[in-house]
Amino acid sequence: MPDTIHVTLPDGSVRSEPAGTTARDIAEAIGPRLAQAAVAARVNGDVWDLHRPLTDDTAVEILTDKDPAALTVLRHSAAHVLATAVRELFPEAHIGFGPAIEDGFYYDFEVPRPFTPEDLEAIEAKMREVAQADHAFSREEVDRDNARDRFRDDPLKLERLEELGDDETISVYSDGPFVDLCRGPHLPSTGRLKHFKLLHAAGAYWRGDSDRQMLQRIYGTAWFKKADLEEYLRRLEEAERRDHRMLGKQLDLFSIQEVVGPGLILWHPKGAVLQFELRRFIEDELRRRGYDFVYTPHVTREDLFVRSGHLPLYEDQQFPAMGAGTGESEHVQYRVKPMNCPLHTLIYAARQRSYRDLPVRLSEVGNVYRNELSGTLHGLLRVRGLTMDDAHVFCREDQIEDEIFDMLDLTDVVLHKTFGFEYRIDLATRPDKKMGDDAAWEVAEQALQRALERRKLTFGMDVGGGAFYGPKIDIKLRDAIGREWQGTTIQLDYQMPARFELEYTGADNRPHQPVMIHRAILGTVERFVGCLIEHFAGAFPVWLAPEQVRVIPITDDQAAAARDMGDRLRRAGVRVSVDDRSETLNYRIREAEVMKVPFMAVVGKREVEQGTVAVRARGAGKKQDVVSVEGFEARLQGLITSRALEVS
RNA sequence: GCCGGCGUGGCGAAAUCGGUAAACGCGGAGACCUCGUAAUUCUCUGAGCGAAAGCUCUUGUGGGUUCGACUCCCACCGCCGGCACCA
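Residues 1 to 648 in our numbering are what the first sequence spells out, letter by letter.
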């Protein structure tokens with residue numbers, strides 16, 4: 001070990017320091033304010049504790065609370081403080097894992113009885129004591145026997161310990177009375193943890209394995225600044241305020257009723273408008289891009305899914321078989337379809353195909369039913385009866401890239417240009433358990449990647465995340481408050497064409513097997529509508545709004561004129577209602593605002609005399625435009641046909 | 001499916017060491033009002049029968065304990081928060 005080491009700082013300067021110096025020493029040498037703000041250090045790219053000795057020449061960057069990596073350190077330390085508190089209050093608790101996660105942290109405990117909300121309050125109070133005690137986080141490297149001894153009462157830690165390789169450093173961290181097997185890094189001391197809150201407790205399988213025991217997980221959040229914590233809690237409230245299940249009831253869009261069954265949606269008239277407009281929009285777009293529309297039955301003979309390979313592999317997710325009753329053999333069983341692919345495949349195979357016919361693009365916005373586990377269902381976002389904007393493209397290998405290219409274009413038109421969603425793309429490549437040879441996978445993955453690059457899209461690689469039958473592109477959309485939802489999926493498939501012996505006659509007059517691309521742009525209409533409700537907080541753009549205009553006569557004297565205007569707009573294709581109830585004007589204006597109707601068309605004495613209308617836009621307050629009825633109608637038409645996002 | 005919590009009018013809910021279910025509010029009906037831009041005021045309003053007095057029923061479903069159950073016990077259904085799953 002050298003006596004002196006050279007430490008390179010981010011500005012390029014190099015300091016000579018005695019070996020064993022720490023990042024904290026360096027920070028102090030640079031300035032007291034930096035030393036105070038320092039949380040951890042990035043050492044040759046890894047994040048280290050401030051007080052961990054530096055023994056070799058290295059690059060060091062002091063991380064302050066401005067750095068996102070520092071937030072991870074804070075939250076991981078918060079998890080340790082949580083465990084410290086739980087151990088104080090529940091000495092019999094065994095500890096599992098306690099990592100930092102997005103926006104917070106959790107820690108898993110094996111306890112004789114689950115935590116109650118009162119427990120959480122007590123634990124949080126105890127955490128504040130631990131933080132105030134300002135215990136130093138100290139790191140220690142130990143050998144395996146030592147570690148076994150320290151964690152002899154914690155079977156979960158011992159299990160983890162045994163998995164560590166012989167060449168791995170075993171480190172333990174302690175803060176006050178609590179010791180944990182942990183790679184770190186951590187805050188200098190628990191006192192740096194100031195702004196945190198425990199959120200809830202829930203069950204979680206040990207190691208994420210549903211065959212293992214269930215532990216009790218406590219979730220919390222932690223931030224460097226009070227304002228950040230408050231902002232985060234506000235964001236949670238905002239998410240709750242936008243919850244599509246609540247808005248769905250309030251705006252009378254849909255319901256899910258026990259007698260119908262969980263995960264099965266009843267679309268009320270106003271919600272049905274959303275589905276209708278979405279469908280019309282996507283189908284118009286598809287027709288322009290050379291798709292053909294097909295319709296297939298909801299129920300088919302079970303044999304079809306045996307042939308496609310879904311049975312018995314995915315039987316768990318299908319509803320059970322049913323017989324046709326009298327007149328047919330009891331051996332003939334039927335199933336409700338969980339996907340459309342086998343049926344579309346049969347349409348492709350129903351006639352001979354030439355290489356000149358390809359690509360064949362079959363689209364069906366239709367219903368499928370999946371027997372999802374009861375615990376997974378969630379409003380419109382996870383359902384059992386789903387409407388997919390499904391399509392299957394059958395093409396030659398040399399056409400894959402162009403097809404994918406167009407699908408990515410369509411995705412952008414729909415998600416971004418039309419709804420304003422930002423989205424994130426993952427390319428998922430061959431998994432360990434796969435069908436087909438590597439050469440074919442290579443061709444397919446290359447084609448997907450080239451299409452993505454040609455569109456100049458940035459994407460993440462999900463290595464090994466593909467389906468067993470082919471690679472895929474998954475697109476997650478980000479809503480107005482930053483949450484991500486799986487939407488678009490584009491999947492290549494070599495298996496289904498093989499199973500159904502699909503063919504086309506090539507230029508060489510010989511049979512060839514086409515490639516099949518499965519894709520859904522919206523994903524499912526249910527989920528997409530759920531996302532839209534939350535994205536717009538129920539205030540839909542005019543073209544989607546279930547009720548686009550509410551005509552409000554000021555007094556009964558204008559009621560007839562108001563109804564005439566309503567009729568006129570309705571004939572022009574506008575979804576309009578007339579509120580001529582004998583409520584006060586204030587009351588009716590308020591109600592239209594609460595229902596998030598884009599336009600209120602107020603008709604008073606002046607307007608009737610002049611053939612005008614006082615247009616009040618949603619959210620615009622008292623600001624109003626008095627325009628001719630023709631002008632208003634033209635403005636509406638413009639907003640509707642352009643599918644404008646804004647009301648004005 | 002698993003762990004935990006929860007289930008009361010059309011809706012938000014109130015009432016639990018077992019003792020008059022539905023306070024309060026929203027919504028709805030009626031009356032008044034005819035109004036110029038986000039809640040005018042009053043009456044009624046759990047359901048059924050009745051002219052009324054009143055009677056009967058009702059706390060997810062089915063059982064049980066008890067003089068008495070929204071409250072305690074068992075089973076089931078559903079919802080919520082997670083976990084696992086998600087072709």
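Treat each hint with caution, since some may be false.
[Unchecked claim] Taking lysine-lysine and the BS3-like style, the derived pairs with C-alpha atoms no more than 25 angstroms apart in a straight line are:
#, residue 1, residue 2
1, Lys-225, Lys-249
2, Lys-622, Lys-596
3, Lys-66, Lys-194
4, Lys-417, Lys-623
5, Lys-225, Lys-126
6, Lys-433, Lys-456
7, Lys-605, Lys-270
8, Lys-623, Lys-605
9, Lys-225, Lys-194
10, Lys-249, Lys-605
11, Lys-226, Lys-194
12, Lys-226, Lys-126
13, Lys-476, Lys-417
14, Lys-225, Lys-66
15, Lys-226, Lys-249
16, Lys-456, Lys-434
17, Lys-270, Lys-225
18, Lys-456, Lys-417
19, Lys-456, Lys-476
20, Lys-226, Lys-66
21, Lys-197, Lys-66
22, Lys-270, Lys-197
23, Lys-197, Lys-249
[Unchecked claim] Have a look at the derived ranges for each label pair, beta carbon to beta carbon:
#, residue 1, residue 2, range
24, Gly-420, His-200, 27 to 33 angstroms
25, Asp-437, Thr-326, 32 to 38 angstroms
26, Gly-31, Asp-3, 21 to 27 angstroms
27, Ser-642, Gly-327, 51 to 57 angstroms
28, Asp-432, Pro-91, 38 to 44 angstroms
29, Glu-237, Gln-637, 47 to 53 angstroms
Just so you know, the hints here were simulated from the structure itself, not pulled from any lab data.
C-beta atoms are modelled at their ideal positions from N, C-alpha and C, and glycine is treated no differently.
Of the hints given before, which are not true for this structure? Hints 1, 4, 6, 7, 10, 15, 16, 17, 22, 23, 25, 29 are the ones this structure does not satisfy, whereas the remaining hints hold.
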